[in-house]
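Engineer: Input sequences plus hints: build the corresponding full structure.
Number of protein chains: 2
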Amino acid sequence: MNISAASKASGLPVKTVRYYADIGLVKAPSRSEAGYRTYDDVAVRKLVFVRRSRAFGFSIEECRELLDLYQDQDRTSSEVKRIASKRLEEIEDKQRELQSLHDELAHLVTSCRGDHMPNCPIIDYLG
Amino acid sequence: MNISAASKASGLPVKTVRYYADIGLVKAPSRSEAGYRTYDDVAVRKLVFVRRSRAFGFSIEECRELLDLYQDQDRTSSEVKRIASKRLEEIEDKQRELQSLHDELAHLVTSCRGDHMPNCPIIDYLG
DNA sequence: CCTTGACCTTCCCCTTACTGGAGAGTTTAG
DNA sequence: CTAAACTCTCCAGTAAGGGGAAGGTCAAGG
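Going line by line, the protein sequences match chains R and L. Mind the numbering: the first sequence is residues 876 to 1002 in our numbering, read in order. Mind the numbering: the second sequence is residues 876 to 1002 in our numbering, read in order.
Certain hints may be false.
Any copy, or any two copies together, can satisfy a pair, since identical chains are not distinguished.
Claimed, not checked - Think about it this way: if two alpha-carbon atoms lie no more than 20 Å apart in a straight line, the pair counts; the simulated SDA-like pairs of lysine to any residue are:
hint : residue 1 : residue 2
1    : Lys902    : Leu976
2    : Lys961    : Arg939
3    : Lys902    : Arg927
4    : Lys890    : Phe924
The hints are simulated quantities; they were obtained by calculation from the structure and are not laboratory data.
Structural biologist: Below is the structure:
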């Protein structure tokens, strides 16, 4: 499989596949004579694993840890759970932050008449 | 006022004040003979305005627009409301995204025993 | 008068996780 | 045989600053 086939099979852009190879996250198992990266099913499965992990918002470094655990038959589920719980807390922190931003901004937007006059509670609040 | 006084008065780091001057968002009104940026109360008010706008998650370019409206006596509140509503929608989009991420990940974390065994529904889901 | 320490300046590199493009080599279809 | 499609490496850029170096400036203390 050349890189574009691996891209299609994994659902990642070609550039991203190449980037993951560059940073040593998911390397191409081999190269052709002309120097083309060659992927197999195992590598594609890793790429998919990373794509899904990234979709959960795990950082590249966390993906690296998760990928290591994915391939480690001697892993303990507690290690995985620790990383996932950490991410879950980050999500919850972000949710709380967004909620308070939302409430404040929604209040301001509601109280702004949005007409042709210059008077504006949003600007007043920011200034 | 030198830059560190403006920094304290505005609540922004010195580096940030300098950066905002560099990109032309809030320029220092003048320079001393030695080339030191000199700020006045008007400039500090703009810095505070930007700090609060950034806290709502407005981008630098949006801050630029808002700052223009802040200083424009002929503005219409509808222009302000349009920008704020756009940001509010982005926040709501992000909230929905985080909510579904949260639900999925929370489910996985809950179902993972987190013990010394390798079996792990989180890894299974990602792989 | 001199020095010391706190300021200030510009400049450049670093961060995240890619994305876009240039220039050059390779492969494949017609 | 050529043109298109594919691949390679390398460079630059993104948002919004942060860190730190090398060097100029200013005020206080001795």
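Engineer: All hints are to be evaluated individually against the structure, with a verdict given for each.
Structural biologist: To see whether the hints hold, each was checked on the structure:
1. Taking the shortest Cα distances, Lys902 and Leu976 never come within 20 Å of each other, neither inside one copy (41 Å) nor across copies (28 Å).
2. For the identical chains of this complex, Lys961 and Arg939 are intra-copy neighbours only, at 15 Å inside a copy versus 36 Å across copies, given an alpha-carbon limit of 20 Å.
3. For a Cα distance limit of 20 Å, the shortest separation of Lys902 from Arg927 inside one copy, 17 Å, qualifies, whereas the shortest one across copies, 44 Å, does not.
4. Only within a single protomer do Lys890 and Phe924 lie at most 20 Å apart by alpha-carbon distance; the minimum there is 17 Å, versus 39 Å between protomers.
Checked against the numbered hints listed earlier, the structure breaks hint 1 alone; every other hint is satisfied.
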